[in-house]
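J.: Please take these sequences and the hints and turn them into a complete structure.
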Amino acid sequence: MLRLELRPQASNLWTYASPVLALLLTVLLGVALFMALGKDPVRGLQMFFWEPIKTPYALGELMVKATPLLIIALGLAVCFRSNVWNIGAEGQFVMGAVCAGGVALLADKDTGRWIVLAVLLAGVLGGMFWAGITAFLRDRFNANEILVSLMLVYVAGMVLSYLVYGPWKDPAGFNFPQSKTFESVTQIPRLMDGSRVSVGLLLGLVGAALLWVFLFRTRAGFAQQVGGLAPDAARYAGFSSRKALWVALLVSGGAAGLAGALEVAGPIGQLTPYVPAGYGFAAIIVAFVGRLHPAGMVFSAVLMSMFYIGGELAQSRLGLPKSITGVFQGLLLFCLLACDTLVAYRLRWVSKKIGSV
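Heads up: the sequence shown begins at 1 in our numbering, then just goes up one per residue.
Because the hints were derived from the structure by calculation, they are not lab data. All values derive from a computational prediction rather than experimental measurement. Positions of the beta carbon are idealized from the N, C-alpha and C atoms, including for glycine. A couple of the hints might just be wrong.
Label-pair restraints from in silico Cβ distances [stated by the list, open to error]:
#, residue 1, residue 2, range
1, ASP232, TYR16, 54 to 64 Å
2, ALA233, LEU59, 37 to 47 Å
3, VAL327, GLY238, 43 to 53 Å
4, GLY330, GLY38, 31 to 41 Å
5, LEU6, ARG113, 36 to 46 Å
6, LEU147, LEU45, 51 to 61 Å
7, ARG346, ALA209, 32 to 42 Å
8, ALA295, ALA220, 16 to 26 Å
9, LYS180, VAL31, 41 to 51 Å
Below, computed lysine-lysine pairings styled on DSSO-like, alpha-carbon distance capped at 30 Å [said to hold, decoys possible]:
#, residue 1, residue 2
10, LYS180, LYS322
11, LYS180, LYS109
12, LYS54, LYS322
13, LYS180, LYS169
14, LYS54, LYS39
15, LYS322, LYS169
16, LYS169, LYS109
17, LYS39, LYS322
T.: Right under this line is the structure:
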């Protein structure tokens, strides 16, 4: 029979092969799911893995979805590598969108293009402020950052709802809970005509490169990781675990806020109650599937955006419920957790011995 046996040391092979195996298992489970729902599994998989890349326009939409996922995941990687568990990136994303939207609403037709930088900066500061609340409560009162950051997600949603149902509601919007459409001068520049892909994609890729340099080529990045994982060793080496906490949460919050600003001043173009799209939670999966490595997160962000677009297509073309996107995201996460067992353990065949009577 098969049994798990502890490895003398973690397997480098399975560290990188585990996400690949998890994706294959997710596909197989997806096939079983489509069959159980009475749908053609080939057609179902086509919605998720072929339609999002079939045409140049589809590829552009894939990048639109991947951009916020990548940017948020990069910030979360700093947290998780520092042993700081920020689960509230969704709230920081929303507050970044709110602050960016507030600045965008101040613009008029005569405002210069500098307003775009102001909108992005407002988003970054909004996300940092929201993450700073978690950092302060953890630093000052030793509050659990998982619970605090998660609860602040719902507070951020309430702030957004109050504004779009109240003082920021568009008076010419037929009583719909939304702000007025932002002036075109606040629009995030697009990379090409006929596509919604914005410069946010370039910011995400540049951010991935900068994060790689910071984590693996600088003393500050090394101190950041040691300060979170081994506070006693960090203090002995002269590193500050308190600084590691603040840096991790502020960087993560700023990245999520930037993603929120890019979203409302880009594809959405206004504030609505539907700004929270689950990107902050999905980015947690992106970070771990990408092994908290910048290059890995680029690919996992694209994969997760395929799940988003595939889920939308499955709703419209196959009549499946909206929750199919979350199902695939959850399957990938649980398959990854299961496959990660092979990093520390190996399967060994043990013959069953029959004792003599």
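J.: The structure should be examined with respect to each hint, and the outcome stated for every one.
T.: Comparing the hints with the structure gives:
no.: 1; hint: ASP232 x TYR16: 54 to 64 Å; verdict: violated, 31 Å
no.: 2; hint: ALA233 x LEU59: 37 to 47 Å; verdict: holds, 46 Å
no.: 3; hint: VAL327 x GLY238: 43 to 53 Å; verdict: holds, 48 Å
no.: 4; hint: GLY330 x GLY38: 31 to 41 Å; verdict: violated, 21 Å
no.: 5; hint: LEU6 x ARG113: 36 to 46 Å; verdict: violated, 59 Å
no.: 6; hint: LEU147 x LEU45: 51 to 61 Å; verdict: violated, 38 Å
no.: 7; hint: ARG346 x ALA209: 32 to 42 Å; verdict: holds, 35 Å
no.: 8; hint: ALA295 x ALA220: 16 to 26 Å; verdict: holds, 20 Å
no.: 9; hint: LYS180 x VAL31: 41 to 51 Å; verdict: holds, 46 Å
no.: 10; hint: LYS180 x LYS322; verdict: holds, 28 Å
no.: 11; hint: LYS180 x LYS109; verdict: holds, 14 Å
no.: 12; hint: LYS54 x LYS322; verdict: holds, 22 Å
no.: 13; hint: LYS180 x LYS169; verdict: holds, 7 Å
no.: 14; hint: LYS54 x LYS39; verdict: holds, 21 Å
no.: 15; hint: LYS322 x LYS169; verdict: holds, 28 Å
no.: 16; hint: LYS169 x LYS109; verdict: holds, 20 Å
no.: 17; hint: LYS39 x LYS322; verdict: holds, 15 Å
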